[in-house]
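S.K.: The chain contents come next:
Protein chains: 2
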Amino acid sequence: MAISRREFSRLGALGIAAHTISPVSLLGQTNQKKIGYCVIGLGRIADHHMRGIAQGSSSAVAGLVSGHRDKAERIAAQYNVPTSSIYSYEDMDRIRDNKAIDAVIVCLPNSMHAEYTIRSAKAGKHVLCEKPMSVSVPEAEQMIAACNEASVKLMIAYRLHYEPINLKAIKLIRDGALGKVEAISSVNGFNIARGEWRSTHALGGGGPLMDVGIYSLNAARYLTGEEPDQFTAVASTPDRDGRFDGVEENLTWTMRFPSGALASCATTYGASMPGMYKVFGSKGTLEVGSFNYQGLHLKATYKEKPDAPAINIDETNRELDPMQFVRQIDHFSGCIAENKTPNTPGEEGLRDMQYIRSIYRAAGINFS
Amino acid sequence: MAISRREFSRLGALGIAAHTISPVSLLGQTNQKKIGYCVIGLGRIADHHMRGIAQGSSSAVAGLVSGHRDKAERIAAQYNVPTSSIYSYEDMDRIRDNKAIDAVIVCLPNSMHAEYTIRSAKAGKHVLCEKPMSVSVPEAEQMIAACNEASVKLMIAYRLHYEPINLKAIKLIRDGALGKVEAISSVNGFNIARGEWRSTHALGGGGPLMDVGIYSLNAARYLTGEEPDQFTAVASTPDRDGRFDGVEENLTWTMRFPSGALASCATTYGASMPGMYKVFGSKGTLEVGSFNYQGLHLKATYKEKPDAPAINIDETNRELDPMQFVRQIDHFSGCIAENKTPNTPGEEGLRDMQYIRSIYRAAGINFS
Chain A
0 MAISRREFSR LGALGIAAHT ISPVSLLGQT NQKKIGYCVI GLGRIADHHM
50 RGIAQGSSSA VAGLVSGHRD KAERIAAQYN VPTSSIYSYE DMDRIRDNKA
100 IDAVIVCLPN SMHAEYTIRS AKAGKHVLCE KPMSVSVPEA EQMIAACNEA
150 SVKLMIAYRL HYEPINLKAI KLIRDGALGK VEAISSVNGF NIARGEWRST
200 HALGGGGPLM DVGIYSLNAA RYLTGEEPDQ FTAVASTPDR DGRFDGVEEN
250 LTWTMRFPSG ALASCATTYG ASMPGMYKVF GSKGTLEVGS FNYQGLHLKA
300 TYKEKPDAPA INIDETNREL DPMQFVRQID HFSGCIAENK TPNTPGEEGL
350 RDMQYIRSIY RAAGINFS
Chain B
0 MAISRREFSR LGALGIAAHT ISPVSLLGQT NQKKIGYCVI GLGRIADHHM
50 RGIAQGSSSA VAGLVSGHRD KAERIAAQYN VPTSSIYSYE DMDRIRDNKA
100 IDAVIVCLPN SMHAEYTIRS AKAGKHVLCE KPMSVSVPEA EQMIAACNEA
150 SVKLMIAYRL HYEPINLKAI KLIRDGALGK VEAISSVNGF NIARGEWRST
200 HALGGGGPLM DVGIYSLNAA RYLTGEEPDQ FTAVASTPDR DGRFDGVEEN
250 LTWTMRFPSG ALASCATTYG ASMPGMYKVF GSKGTLEVGS FNYQGLHLKA
300 TYKEKPDAPA INIDETNREL DPMQFVRQID HFSGCIAENK TPNTPGEEGL
350 RDMQYIRSIY RAAGINFS
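Read top to bottom, the protein sequences are chains A and B. Mapped onto numbering that gives the first Met the number 0, the consecutive letters of the first sequence carry residue numbers 0 to 367. Mapped onto numbering that gives the first Met the number 0, the consecutive letters of the second sequence carry residue numbers 0 to 367.
There could be a bad hint or two in this list.
No copy is singled out in the list; a pair is fine if it fits within one copy or between any two copies.
Derived SDA-like pairs (lysine to any residue); straight-line CA-CA distance at most 25 Å [what the hints assert, rightly or not]:
1. 170 <-> 273
2. 282 <-> 244
3. 298 <-> 312
4. 170 <-> 361
5. 282 <-> 196
6. 70 <-> 53
7. 170 <-> 195
8. 170 <-> 239
Think of the hints as simulated: they come from the structure by calculation, not from any bench.
Throw the hints in and build the complete structure from the sequences for me.
M.R.: What follows is the structure, encoded as structure tokens:
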């Protein structure tokens, strides 16, 4: 079962179990067949997905697509994948004939998401695709159309929609604990190593906005529950050491929401910038260390209750393998098993792509 | 003497004494005549200035200008000001004939700064004027011209330029401890009470940007040591309870600096938004609770020294009357006694007024 009894009790005590653990995500408790996933691309994010699959019980690693046969064989052995279910990028369309594979997880560089999502859909497989969904709005639209045409599900891997601390933040706001949301401030960035595919336009499709700024963008939307209608942005690429090939190094932007709430966001590939957001409401303030795989924390303080202790939730000491990947894969497997639409479908990814286009254009950067 | 021996030793241990305690600010140690100040406007900020004067030994309260004679008499008794040195707004020009008054402190609502600065200059008195300097760029220029013409000094009360934790932040950056500054994120705002002059355009000249956002603006400049050359902004006034008379409730903006450093700032009158900034550099990160009268704190962490403990400076337990007002008044009195230009002259205030104009215009708000 995906969530240990102890974990379940702890979440229950926080009052968020009902919100986060839907019947769908408890699929693993039944005797239903596990959903088999073919993992396309075997980089770091693939490791997180495969460990999430192994930790839960709704899903199984059922195939691998890689350009490195030896690496794929090592991982196949680890996850009990038959070597006959290892594919190259050239022959991966053969997954169509592999009955053990129900779905794929697209873990490739951004610029390859569209091609492999569309090929997987044409092979009749459901698709869990990493964020950002694509490197252009038309691509995202084509991905949705391809999955619709093939009658397969498309989910974008917005793992924080399945993560308890972010869900707790959303619940506090929806319950009115902060009053009216006036402003959100969020940052997320890191100091990129030389030679990462993310720092090239060809593979990343853009810079830190695509890769990590998207967390602040998406968070401002799930925190307000609104869609932004106005954007301003400024970008810079001082590039003092030749790391950046056609992408921005720094980007900071603002978003206006219909209620009048304003978001102020920043991202960078040039400095450590631990992911977090603050929500400033008429009745209280929320500060969340929000975007990492582990070490998340939430602190809420209230104007009207100055004597009440702040709500503090700290996940720093959680086990190394974060539950958010388990919850995410359980959700998608449940949607596949029960024929439901995922909480973060392709349309959610498309919206972010449209907003990313607005932000880049506001900063004077071409984006289609 | 303005700084106690214990305080001085502690600052020395932090390695910032040399930076913050110039010979000018030690004026109080000598037997020089105290500089006499006439305080114009007796609101909350005037209290801070007068307590700063009383705590130091370079300066004295030598006159008061108020529309409330009884309040003025009570305060006069407290600070040993002769009742003959109490003035109304109508007759305050008579300070010209009061030899005990060397300078004034303009503590009035923003829209009155220009008039009382110019009248004081014409009366031959030096001027310490609260921020924001004025409610328009032309007014700020007129204030500088009037003080130049009268050969009196003009200083804008940017108290944080005289405050040790902010000075320590500047020094860390100048010394290269953070590497290249890539991004700054800063917020400052509060939930305004109904009926405050600040929430009216007539007296405030603008909303939270003028009153508290200016701290983030000014901080981004003193932290980078650069002048911003590009602005974007968005404002909103949901005004759910009729508190706002022609001023913005929320404003968030970005600034680009010539080095490529970007600043992302937010301010509000609609929510508690404790003043702070984060500086993200290529080699380290700085987080400073930066703008309050007390309770300031600084935390620095370094990429290259993950094992080294973060620098933590916390002023939370400082005595109630903050030293920053003492340091500020000592500085101006020293400048008057030694005929030096203040660190924060009228020109510093004028620059912020020009940037405020740029920010308001970027947000689609008229500002001259």
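S.K.: Does each hint hold? Answer for all of them.
M.R.: Hint check results:
1. For a Cα distance limit of 25 Å, the shortest separation of residue 170 from residue 273 qualifies both inside one copy, at 23 Å, and across copies, at 23 Å.
2. Taking the shortest Cα distances, residue 282 and residue 244 sit within 25 Å of each other only across copies (21 Å), while inside one copy they are farther apart (45 Å).
3. In this assembly of identical chains, the alpha carbons of residue 298 and residue 312 lie at most 25 Å apart whether taken from the same copy (7 Å) or from different copies (22 Å).
4. In this assembly of identical chains, residue 170 and residue 361 lie within 25 Å of each other by CA distance neither inside one copy nor across copies; the values are 32 Å within and 34 Å between.
5. Taking the shortest Cα distances, residue 282 and residue 196 sit within 25 Å of each other only across copies (22 Å), while inside one copy they are farther apart (43 Å).
6. Taking the shortest Cα distances, residue 70 and residue 53 sit within 25 Å of each other inside one copy (18 Å), while across copies they are farther apart (74 Å).
7. Taking the shortest alpha-carbon separations for residue 170 and residue 195, neither the intra-copy value of 37 Å nor the inter-copy value of 33 Å comes in at or below 25 Å.
8. For the homomeric pair residue 170 and residue 239, the shortest alpha-carbon distance between copies (22 Å) is at most 25 Å, but the shortest distance inside one copy (43 Å) is not.
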